[in-house]
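*Asks:* Listed below are the residues making up each chain.
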Amino acid sequence: MTVQTTSQIATKIARRVAELPPSGIRRFFELVLATEGVVSLGVGEPDFQTPWTIREQAIYELEKGKTTYTSNYGLRELRVELASWLARRYGLSYDPDTEIVITVGGSEAIDIALRALLDPGDEVLVVEPCYVSYAPTVILAGGTPRYVPTFQEEGFRLNFDRLREAVTDRTKALVVNYPNNPTGATLRQPDLEKLIRFATEYDLLVLSDEIYAELTYEGHHVSLAALPVAKERTLLISGFSKAFAMTGWRLGYLCGPAELIAAMVKIHQYTILCAPTISQYAALEALRSCDEDVAAMREEYRRRRDFIVKAFNELGLPTLTPDGAFYAFANIKATGLTSEEFCTELLRSQKVAIVPGTAFGPSGEGFVRASYAASFERLELAVEGLSRFLGK
Amino acid sequence: MKFKLMELLRQNARLTNEQLAARLGITAEEVAQLLSELEASRAIYGYKALINPDAAGEEIVEAIVEVHVSPTRGEGFDGIARRIYRFPEVRSLYLMSGGSDFLLFMEAKSLKEIAKFITEKLATMDGVKETQTHFLLKKYKQDGVPLDGEESLERLPVTP
Numbered sequence: 000m001t002v003q004t005t006s007q008i009a010t011k012i013a014r015r016v017a018e019l020p021p022s023g024i025r026r027f028f029e030l031v032l033a034t035e036g037v038v039s040l041g042v043g044e045p046d047f048q049t050p051w052t053i054r055e056q057a058i059y060e061l062e063k064g065k066t067t068y069t070s071n072y073g074l075r076e077l078r079v080e081l082a083s084w085l086a087r088r089y090g091l092s093y094d095p096d097t098e099i100v101i102t103v104g105g106s107e108a109i110d111i112a113l114r115a116l117l118d119p120g121d122e123v124l125v126v127e128p129c130y131v132s133y134a135p136t137v138i139l140a141g142g143t144p145r146y147v148p149t150f151q152e153e154g155f156r157l158n159f160d161r162l163r164e165a166v167t168d169r170t171k172a173l174v175v176n177y178p179n180n181p182t183g184a185t186l187r188q189p190d191l192e193k194l195i196r197f198a199t200e201y202d203l204l205v206l207s208d209e210i211y212a213e214l215t216y217e218g219h220h221v222s223l224a225a226l227p228v229a230k231e232r233t234l235l236i237s238g239f240s241k242a243f244a245m246t247g248w249r250l251g252y253l254c255g256p257a258e259l260i261a262a263m264v265k266i267h268q269y270t271i272l273c274a275p276t277i278s279q280y281a282a283l284e285a286l287r288s289c290d291e292d293v294a295a296m297r298e299e300y301r302r303r304r305d306f307i308v309k310a311f312n313e314l315g316l317p318t319l320t321p322d323g324a325f326y327a328f329a330n331i332k333a334t335g336l337t338s339e340e341f342c343t344e345l346l347r348s349q350k351v352a353i354v355p356g357t358a359f360g361p362s363g364e365g366f367v368r369a370s371y372a373a374s375f376e377r378l379e380l381a382v383e384g385l386s387r388f389l390g391k
Numbered sequence: 000m001k002f003k004l005m006e007l008l009r010q011n012a013r014l015t016n017e018q019l020a021a022r023l024g025i026t027a028e029e030v031a032q033l034l035s036e037l038e039a040s041r042a043i044y045g046y047k048a049l050i051n052p053d054a055a056g057e058e059i060v061e062a063i064v065e066v067h068v069s070p071t072r073g074e075g076f077d078g079i080a081r082r083i084y085r086f087p088e089v090r091s092l093y094l095m096s097g098g099s100d101f102l103l104f105m106e107a108k109s110l111k112e113i114a115k116f117i118t119e120k121l122a123t124m125d126g127v128k129e130t131q132t133h134f135l136l137k138k139y140k141q142d143g144v145p146l147d148g149e150e151s152l153e154r155l156p157v158t159p
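These protein sequence lines map, in sequence, to chains A and B. Using numbering that gives the first Met the number 0, read the first sequence as starting at 0 and increasing by one per residue. Using numbering that gives the first Met the number 0, read the second sequence as starting at 0 and increasing by one per residue.
There's no promise every hint is true.
[What the hints assert, rightly or not] Derived DSS-like pairs: lysine-lysine, alpha-carbon spacing no greater than 25 Å straight-line: (1) B:Lys1 - A:Lys309; (2) A:Lys171 - A:Lys193; (3) B:Lys138 - A:Lys309.
The hints are simulated quantities; they were obtained by calculation from the structure and are not laboratory data.
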């Protein structure tokens with residue numbers, strides 16, 4: 000038997016994985032993990048427990064022995080309930096039998112959607128700054144991501160001239176995420192109409208990650224697929240994590256045209272088989288009974304948002320009021336520091352953790368992301384630390 | 000705004016006017032003004048700590064008493080209710096639908112004290128027909144707070 004050295008073993012790793020750029024903020028994340036007593040506004044998940052009625056229902060279902068597989072598409076009862084919830088909340092119309100698949104979080108939905116769509120060399124437009132996994136998932140699916148930046152001066156909304164410039168004859172799809180992590184921007188109906196005209200013009204599919212839809216503070220979220228003619232080229236990606244404070248249950252869903260969903264379910268059935276059964280029962284209870292819990296959490300986030308955005312602006316860090324999600328994306332360019340320097344120094348000197356904007360794409364440089372999914376007391380502590388750090 | 004302010008104080012009455020102002024997006028002066036209005040109308044009728052004497056090692060006996068009474072012409076239940084609640088031993092008194100008329104919450108240092116109050120004062124009062132006393136054995140949750148501690152939420156300190 001030969002003993003392989005680490006470097007020899009590493010040669011076994013597939014090239015596209017080996018070449019996948021490591022997450023730019025790994026080093027910073029490790030520094031946070033190694034620091035004691037951190038006041039963290041770096042968390043991308045709700046600080047609420049899953050509502051008790053959901054947990055209690057899951058316990059009950061476990062007692063009844065709901066421990067076996069479900070259909071590949073997911074529990075039919077859940078898909079039926081979800082279809083009517085989507086209709087009630089967003090005016091969407093999906094057939095629970097052919098147009099919805101329940102996935103392991105929104106993450107799996109993104110993965111199977113891209114893997115089912117992309118041939119080697121196909122390109123996907125990724126609007127950034129954005130959630131960290133889109134571009135790597137495109138690469139793992141054999142495609143090539145093309146970043147299209149958005150800017151604070153434009154409210155981090157889509158700019159169709161820049162999108163057009165990025166289109167090539169290999170462009171197959173576009174990933175958008177509104178309400179957006181990390182900017183908190185949302186798209187209004189006119190933007191969405193332009194988006195669908197753009198997608199139609201270039202015959203693109205749109206992966207619309209609407210995981211934060213329920214956390215919309217100004218007006219009501221407009222779902223892309225609810226627009227006329229949009230449904231046939233939209234893949235709706237969402238889940239239960241943010242709206243119902245169910246991150247650890249790992250449950251999401253993917254909705255779209257039946258032929259596409261069938262292709263995606265092929266991958267899902269071979270690699271996942273089905274989403275966790277007990278989580279699916281929990282989600283059923285979430286859809287049936289938790290409107291008021293969601294509304295209460297939304298109100299609490301809104302109150303915190305108003306506080307932190309005001310505080311950042313008063314500290315001389317220009318920050319737009321986010322219309323959705325639970326992040327404030329602050330402009331730190333006036334400090335002369337890079338995003339990573341700013342966050343590292345803030346952590347070292349004040350033990351306050353926020354995330355460098357560069358974690359979310361190249362145009363995140365000069366910005367930092369603060370999550371207001373944290374108690375008001377923590378937000379106050381963080382603002383005090385930030386204020387000392389900036390010498391104010 | 001009034002309701003939001005009351006809700007915040009209901010969760011934590013020790014927040015300062017400045018902290019309340021930050022949470023509501025108004026000035027501390029505006030908070031002070033709202034508070035004096037709420038206090039004047041008795042929409043806020045006091046600020047007290049939630050205490051658990053048990054945890055401090057102090058023995059205390061609590062009882063819930065169902066009281067059946069005869070309402071009187073002109074005053075209904077209010078006259079007799081007033082006669083009962085003026086005793087300092089009575090912490091809360093409610094008029095109920097169902098089996099009994101009043102539900103009375105009281106606490107004392109010993110069982111004996113409670114028995115003394117009920118047999119000597121309450122049961123013998125004009126208009127009181129019958130009492131049924133239930134002694135409290137264990138408290139799990141009071142005023143919206145579980146007494147065995149809130150569950151904690153353990154999150155990773157930083158996630159994308």
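*Asks:* Which of the numbered hints are not met once you compare them with the structure shown?
*Replies:* 3
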